[in-house]
Amino acid sequence: MSMIRESDRSRIATLAADPQDRGGPGTPLLSVRGLIKHFGRTAGLLSRGRNVVRAVDGIDFDVAKGETLGIVGESGCGKSTTARLIMQIIVPDAGDILFDGEEVGSHALSLGEFRQQTQMVFQDSYSSLNPRLTVEGTIAFGPRVHGLSRRTAIARAHDLLHRVGLEPSRFAGCYPHEISGGQRQRVNIARGLALEPRLLILDEAVSALDKSVEAQVLNLLLDLKEEFGLTFIFISHDLNVVRFMSDRVMVMYLGKVAEVGPAESILALPRHPYTQALLASMPSMDPNNRTQEAPVSGDPPNPINPPSGCRFHPRCKMVAALCAHSEPAPHDVGAGHLAACHLANPESGHPRLAAA
Amino acid sequence: MSAPMVDVQGLTVDFAVGAKSIRAAAGVDIEVEKGETLALLGESGSGKSVTLRALVRLHPKSARIGGAIKIDGRDVLKMTAAELSRYRGGVVSMVFQDPGLAFDPVYRVGDQIAEAVVRHNGASFRDGRTRALELFERVRIPSPERRLDNYPHEMSGGMRQRAMIALALACRPKVLLADEPTTALDATVQIQVLLLLRELQRELGLAVIFVTHDIGVAVEVADRIAVMYGGRIVELGPCAKVIRAPAHPYTRGLLMSRAGHGATKGGRLVAIPGSPPDLANLPPGCAFAPRCSQVIDSCRKAMPTAVAIEAAHIACCLRAQPAAVFSGRAQALNVSSVDTSKNERGFDENSKAWA
Chain A
1 MSMIRESDRS RIATLAADPQ DRGGPGTPLL SVRGLIKHFG RTAGLLSRGR NVVRAVDGID
61 FDVAKGETLG IVGESGCGKS TTARLIMQII VPDAGDILFD GEEVGSHALS LGEFRQQTQM
121 VFQDSYSSLN PRLTVEGTIA FGPRVHGLSR RTAIARAHDL LHRVGLEPSR FAGCYPHEIS
181 GGQRQRVNIA RGLALEPRLL ILDEAVSALD KSVEAQVLNL LLDLKEEFGL TFIFISHDLN
241 VVRFMSDRVM VMYLGKVAEV GPAESILALP RHPYTQALLA SMPSMDPNNR TQEAPVSGDP
301 PNPINPPSGC RFHPRCKMVA ALCAHSEPAP HDVGAGHLAA CHLANPESGH PRLAAA
Chain B
357 MSAPMVDVQG LTVDFAVGAK SIRAAAGVDI EVEKGETLAL LGESGSGKSV TLRALVRLHP
417 KSARIGGAIK IDGRDVLKMT AAELSRYRGG VVSMVFQDPG LAFDPVYRVG DQIAEAVVRH
477 NGASFRDGRT RALELFERVR IPSPERRLDN YPHEMSGGMR QRAMIALALA CRPKVLLADE
537 PTTALDATVQ IQVLLLLREL QRELGLAVIF VTHDIGVAVE VADRIAVMYG GRIVELGPCA
597 KVIRAPAHPY TRGLLMSRAG HGATKGGRLV AIPGSPPDLA NLPPGCAFAP RCSQVIDSCR
657 KAMPTAVAIE AAHIACCLRA QPAAVFSGRA QALNVSSVDT SKNERGFDEN SKAWA
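Protein sequences, first through last, are from chains A and B. Numbered according to our numbering, the first sequence terminates at residue 356, and the numbering increases by one at each position without gaps. Numbered according to our numbering, the second sequence terminates at residue 711, and the numbering increases by one at each position without gaps.
Treat each hint with caution, since some may be false.
[As the list claims (entries may be wrong)] Covered, in the sense of this in silico footprint (three residues per stretch, anywhere, with C-beta under 8 Å from a C-beta of chain B), are these stretches of chain A:
{"hint": "1", "stretch": "215-222"}
{"hint": "2", "stretch": "228-235"}
{"hint": "3", "stretch": "298-311"}
These aren't lab readings, by the way, just hints derived from the structure by calculation. We put the beta carbon where it would ideally sit given N, CA and C, even for glycine.
If we strip away everything but chain B, and leave its shape as in the complex, we get (with noise of 0.2 Å):
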C-alpha cells in the first residue's frame, strides 16, 4: 500500500492567549486513506474544529502548528503562499457549518462557484459556470439554472448547504474536510445532506474527514471514528467498534448519557458528572480523569498512551486492555459495567435483526 492520502502525525496547535499558551490540539495521528470517511467525535473545546483546520492552515498567524501534516504525499506545513492557495480547493477543501458566512452575500452562488473554477483551472468564466451546473445538478439542487443566479440570502439553509458542497467540489479535490455541516440544518434536512456526502464520497471516492459533536451523525457517515476529549485523541477505531464496543470511559459516558439510548422516560441519564476541561488549565495525566467513574491513582500522573484494543481499535486509557482480556476484566468490574453491558445488549439485538 501507498502512503494514506492524509497522514498527520504529532499534530499540535497552540495559541498565544495574553502572555499564556493554550494547546488547543495536544499530539494528534491521523490518517485517512482514499474512499474513506473518518469521523472526530468531541464537544465544544476537544480540539476536533483547530485539528481540522490546522489541515488547510487556516489558524491565524499567531497559532503555531507543531508536528507533521502530509497530504497527497506533499507536506502542509511547508507550503508557500502560492503553492498553499492551489491547495486549498484543489487538493483540499471545506465545507463550513454555516453557508450563510461562508458564502459572500453580495455574488452570485454560480458566479462564486465559477471564480473557483476559473482561479485553480484556468478555465473561461463561461466553461467556469458550466461546471457549476453541472455541480449544482449533481448536489440535486432543484431547479439549478435558476439558483445559479441565486443570492445566498435567497436560497434556504438546507439548500446553501449543499450549494456549499457544490463549491467545496468544484476543482475535483481529492480531500473534503466538513466542519459539522449539518449541525445548523433541520432534522429533516440533515438527514439529506448526510446522504448527499455519503454518496459523493463513494463515488468521487474522496477522503472525508467530518467534525461532528453528534454520535447519530458520526455513525450515519464514518468508517471509523477518532473520539477527541482535551485536544487528543482518545480513542479510535471502526465505527461499529467503537459504538458497540467502546474502550473509553469517556466514549461509553457519551453513549450512555444519550436521552433515548440510556434511559427512557421515567428513569434518569447516566450522565458523565463534571464539565469539559478547561484547556488552559488541563491536569496532568488523564484530561478525563476528573469526571471519570473509573479513575486510579497513576491516570492523574502521567498521560495514558495508546492501547491496541483490537487490530485498529486504540484507546488511551490506562485500564483499557485488549480485547480477549477486556470481556474477563468486564466481569471482574461490573458495578462499573452494569450499564454499559445493557447497551451492547441493545446494539446485539439489532444486529441479530440485520443479520
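Extracted from the complex, chain A is given alone in its bound form (with noise of 0.2 Å):
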C-alpha cells in the first residue's frame, strides 16, 4: 500500500508521538484470529454436547491505529459476544487476540496492562453505572484502583466531565438517577476514558437514546476521538450510525464475519447478500418510494445449531446447492474487502457465476 491519505499521514504523525506505541504505526492495534465462544458445552453431565450455542465461532479481524470499525449484525450475530471476548469479560474458547502486536494476557502484555488501555461503554447507561457512586466517584474508581492519589483522580474526573461536556460543578455530586439518559451515558464515556485507554468499545453505546440525543453523543464521541487518539470499535445494529461512525465495517451473521472492508465499498457495493438485504431493509425515509416486498424473508436463525455450509444459505435469494455444505471463505474482492460468500468468489463454481 503506498499510498498514504493525508488523514492517514496525520494520523500517523500523531501516533509517532504516542509513548505508549509498541508496534508502531504499521501493526494493527487490535489483531483477532480464529476467535471462537461456544456457549453451554460445559454442563456436565445432563449435556450431551448437542445443545451449543456457537455465538462466536471462527472470526478473524485488524483494527488498524486510530480507525473506527463498525460491527453490525442482526440479535444472536455475535457482535456483543466478540466485544466480551475482547475485553476477556468471557474467556474465549479459541483465538487469539493481539494488541499492538503483544499477546494479552501474556507476559508482554498482563490482563491488567491491556485493560488500562482498552475501555468498553455499554448500552444500558443506568445498571452500567454504581447507583451508590456519585458521578465523580464512577469516573475515579478507575484510576483510584490504578494507583492514582484520590485528589489526582477526582481531579481527572472534573476534567473529563468538563471534556464530555457535563459542568463539573453542577453534576460531580449526583447519583446515576438524579441525571438523564444522555448525561449518564456522557458519563460512562467520561468512565472509559479515565485510564487513558487507546482503545474504546462502544458497544450499542446510543442505541437507547432519543434520536434528538443521539446526535449529540455521536458528534462528542467525533470530538473525543480526535482529541485523545482514539481507535473505536463501534457496535450498532443502526446502519445510519454505523455509515457516519465507521472508516470500515464489519458484517456479521450467526457468529461469523459475511463481509469486512472500507465503510465505503460495504454500504455503497455491497457483495454479500445478507448485506445486501441488510442494507435494503433500512426503512426508505422517502414517502414516494416506500419499501415494496421485504429484501429476505423469516428471522435470523437461532445459533444452537446453526445451518450447514454458508449459515445464511435458508434465507438467501440467490442460494444454490452449493451452499448448503460448502462454507464460504471470506475472499478479497479488491481494496481489502472480504466477502463470505461464493458469489464474490469467481472460482467458487455457484452456478449464477455462470450465467453472467
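Quick one: dock chain against chain with the hints and give me the complex.
Rendered as C-alpha cells:
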C-alpha cells in the first residue's frame, strides 16, 4: 500500500508521538484470529454436547491504529459476545487476541495492562453505573484502582466531565438516578476515558438514547476520538449510525463474519447477499418510494445448531446447492474488502457466476 | 362525510406522582378516518404511548383522563366495565412493543387467540381454533397448524409479533393501535412486519394509529404524521409534507440530526441541544423553546396555537406561517434555514426520480 491518504499521514504523525505505541503505525492496534466461543458446553452430565450456542465461531479481523471499525448485525450474530471476548469479560474457547503486536494475557502484556488500554461503554447507561457512587466517584474509581491518589483521580474526573460536556460543579456530586439518559451515557464515556485508553469499545452505546440526544453523543465521540487519538470499535444495529461513524465495517451473521472492508465500499457496493438485504431493510425515508417487498423472509435462525454450509443459505435469494454444504471462505474482492460468499469468488463454481 | 372513526378532542392525561401531578398528555386532538394510518412520532416522554393507551383506557385508576374520546361514534370515557371489555378487542385492539410480555407464557398461542374469539363472538372453542388458524395463515406464519400449538417462548421474536397481530385482528376490530410494534425486532424482520401491517390495513380497511420514535418507520406506514413533544402534537400533516417541508423547528431538528441524512462521514451531525423536557417541570410557553434555535421572547410566554401551513398541515409554532408566505420568510432567515433547504433539495431529487 504505497498510497497514503492525508488523514492517514496525520494519524501516523500523532502515533509516532505516542509513548505507549510499541509496534509502530503499521501494526494493527488489535488483531483477532480464529476467535471462538461456544456456550453451554461444559454443563457436565446432562449436556450431551448437542445444545451448543455457537455465539462466535471462528472470526478474524484487525483494527488499525486510529480507525473506527463498525460492527453490524442482528440479534444473535455474536457482535456483543465479540466485544466481551476482546475485553476478556468472558474467556474465549480458542483464538488469539493481539494488542499492538503483543498477546493479551502474556508476559509482555498482562490482562491488567491491557484493560488499562482498552475500555468499554455499554448500551444500558443506568445498569452500567453503580447507583451508590456519585458521578465523580464513578469516573475516579478506575484511576484510583490503578494507583492514582484520590486528589489526582478526582481532578481527572472533573477534567473529563468538562470534556464530555457536563459542568463539573453541577454534575460531579450527582447520583446516576438524578441525571438523564444522555447525561448518564456521557458519564459512562468519561469513565471509559479515565484510564487514558487507546481502544474504546462502544457496544450499542447510543442505541437507547432518544434520536435528538443520539446526535449529540455521536458528535461528542468524534471530538473525543480526535482529541485523545483513540481507536474505536463501534457496535450497532443501526446502519445509518455505523455509516456515519466508521472507517471500516464488519458485518456479522450467526457467529461468522459475512463481510468486512472499507465502509464506503461495503455500504455502497455490498457483495454479500446478507449485507445487501440488511441495507435494503432500512426504512426508505421517501414517502413516494416506500419499500414494496421485504428483502429477506424469516427471522435470523438460532445460533444453536446453525445451518450447514453458508449460514445465510436458508434465507438467501441467490442460494445454490453448493451453499448448503460448502462454507464460503472470505474472499478478497479488492482494496481489503472481504466477502464470505461463493458469489464473490469467481472460482467457487456457484451456478449464477456462469450465467453472468 | 360521517364522523371520523377515531375522534379525540382536547385529551389530557394526568398522573399523580406523590403530591404532584404530571400532565403526560396536554390537549391532544386526533382524528383518524376509516382506512387511514396516523403515525404518532416522538421521543420518550412525549406523550405518544400515553395518548394511545388512553384510547383503550389502559391507564391505572389514579390517572385522570380529560377531554373527549369518541371511537366509532361511541364515547369511550362513559363506558361501563362491561361495555369496555366488549369494546377492547371487539372495536379497538392493540399491538404492543414486546409480544413476549403481551402473551400469557403458560398457554398455547393458538388457544389464547381462540379464547378471545369465544369470549367476544360467543363461538365454540373449535370455531375459535379454526379462526386462529385462518389468522395465522393471514399473517403468514410458516407451518401454521403446528405453530398454533406453540407456547410463546417457542417462537422467534418476529413470529411472536405476527402472532400478536393475529390476536389483535381475531375479533375483526375497526381500529388497530400499534405501540412501537417493530422496535424490538431486527432490521430484516422489522421491514417484514411493517409491510404486513400496511397490507392488512389496506385490505381490512382498518383505522390505524401507529406509535413510533423512528421517522423511517413512520414514513413506511403512515398516511399522516403527528409529531409529539412535551405532551402535545406540535406538527400534524400528510406524511410527505411533514418529511419534505417540516414547519416546526423540532421536526426539522429531528430530520437533520439523523445520521446518514443530515450529514455524511467526516462531517458533524446537526444535533438539537439540550434534553427532552421534564413533564413535571414544563416551561410556561412552548415546551421546545429552551432547545429551539429560532426562539423569540414570546415563545416563552404562552403556548403557541396551531397554525395552518397548508390544507391539513398544521404546526404549533409562533414562527410557522402559511405556505404561501413561508418560502419568502425562509430566505429572510437564511442562516437557520440553510440546512433545511439542503435537506429539501435532497428529497426533491428523490421525488424527481420517482416521477
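**OP:** Quick one: which hint numbers does this structure break? Sort them smallest to largest.
**Re:** 2
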